[in-house]
Each structure stands twice: as C-alpha cells, then as structure tokens.
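From first to last, the protein sequence lines are chains Z and V.
When we follow my numbering, the leftmost residue of the first sequence carries the number 71, and every step to the right adds one.
When we follow my numbering, the leftmost residue of the second sequence carries the number 504, and every step to the right adds one.
Keep in mind the hints are simulated off the structure, nothing from the lab.
All the given hints hold, so there is nothing to weed out.
Pairwise CB distance ranges (calculated): (1) Z:Gly73 - V:Phe555: 24 to 30 Å; (2) Z:Met97 - V:Thr523: 31 to 37 Å; (3) V:Gln575 - Z:Ser166: 26 to 32 Å.
Beta carbons: idealized from backbone N, C-alpha and C, even for Gly.
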Amino acid sequence: NAGVTQTPKFRVLKTGQSMTLLCAQDMNHEYMYWYRQDPGMGLRLIHYSVGEGTTAKGEVPDGYNVSRLKKQNFLLGLESAAPSQTSVYFCASSYSRQGLNTEAFFGQGTRLTVV
Amino acid sequence: KNQVEQSPQSLIILEGKNCTLQCNYTVSPFSNLRWYKQDTGRGPVSLTIMTFSENTKSNGRYTATLDADTKQSSLHITASQLSDSASYICVVSAHQAGTALIFGKGTTLSVSS
Chain Z
71 NAGVTQTPKF RVLKTGQSMT LLCAQDMNHE YMYWYRQDPG MGLRLIHYSV GEGTTAKGEV
131 PDGYNVSRLK KQNFLLGLES AAPSQTSVYF CASSYSRQGL NTEAFFGQGT RLTVV
Chain V
504 KNQVEQSPQS LIILEGKNCT LQCNYTVSPF SNLRWYKQDT GRGPVSLTIM TFSENTKSNG
564 RYTATLDADT KQSSLHITAS QLSDSASYIC VVSAHQAGTA LIFGKGTTLS VSS
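Using the sequences provided together with the hints, build the complete structure.
Below you can see the structure in the form of structure tokens.
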C-alpha cells in the first residue's frame, strides 16, 4: 500500500521557470492538501481540495495553482518560480476534513530550490 | 489568533532516558490535538489524536496528555531509543474546513548513545 506519493522528491528551478508537483493517493480519500514547510516555521496550508474537481485557497496560496481532475491526484503548479518559493512541499490526504478526528496521511515531501 | 507554541525548541537526551515535550495552544473552537513525528527528510506521521474529552492517550512508548482547561498538552517518551531522534510536531485542529490544522514549529529531539 503506497499511501501518499509525491513526485519529484527533489528539484532545482531557475527564477521564472514553471513546474508541477504531483501528489497521488491510493486510499480513496476525498480530501487532499498541499503544505509548505520552511525552517523555523510550522507547516502552512497552500491549497486544498474537498473532492474531485474542487479546489480552495489555504493560508499562503499566492504564486501557486492547483488542480484535482482525478480523485486520486492533486497537482500543485508554480507558473513563475521565485526564490521565496524555495521550501519543502508536503501533500496530505484524509478521508474527511481535517477538523474532524480523522487521520491525515502525508507524503514524503518534495524539496524545491529556486535559484 | 490561533497559535500553537512548543517547547523546548530542541532537546538532547541519552538513550534509555525519558523526556517530556510541551505544547500550549490558543485555538478556538477546539476540535482535537495531534502529535506527529517527523523523521529527517520524511513526512509527518501521526502518533496520537485526542479530543476535548480525552486527557491521555498512549501509542507504545509515547504518551500524550491534554488539559483542555489550561490549553496545554505534553508528549512523554519512555525509555528513549536512537530511532526516536526526530522532530515532534503538535497540531491543533479547529472546527472549520480547510485550514483547520494549526501546526506548531516542532521540537527537535536527539537521542544519543
């Protein structure tokens, strides 16, 4: 059982380049989330999705776009990367919304460096 | 403002010793409190989830306590092992959609032999 899988694990981008991070889950979860983790800070929510075809903004959405065309996949896009987007990105999924007492499963992270 | 504060920021202990990590929160309305373990280079993994009515929960050598009146939680690790070296993150959930999880900055625990 793979759980939550993120692709790629590492990436270096030049300022202004674009890229897409892929998150795939095989647990049939409705809810999926993208977080970023920066040194000295807690995880912060970028965007989330409550089901196929739906997306919503989180705490720090600027500079990112997302899509949830299939239930099992949640894509995070950077249209024009900036050094401030250097971070570790985590995808998570859960059966129901995270305000309830449901387990949230995290991927292994994508370490992105923008130079 | 919803906040989760953890202490200490980092901790070094000898293998076999016990330790306690602290978490204070100001999150409303409160739904539940979680402790996660995050190994270096990995995603967080859930250790415990406690609701308002639960004041203690164990997962092997990990025991979490919750005092909803004082808005404090602790994570006690018994007979530490080298594999316990990780960051421990306190996360408080609010009764709202989407941004419901408020993450602490974590306590970095190093267990040495």
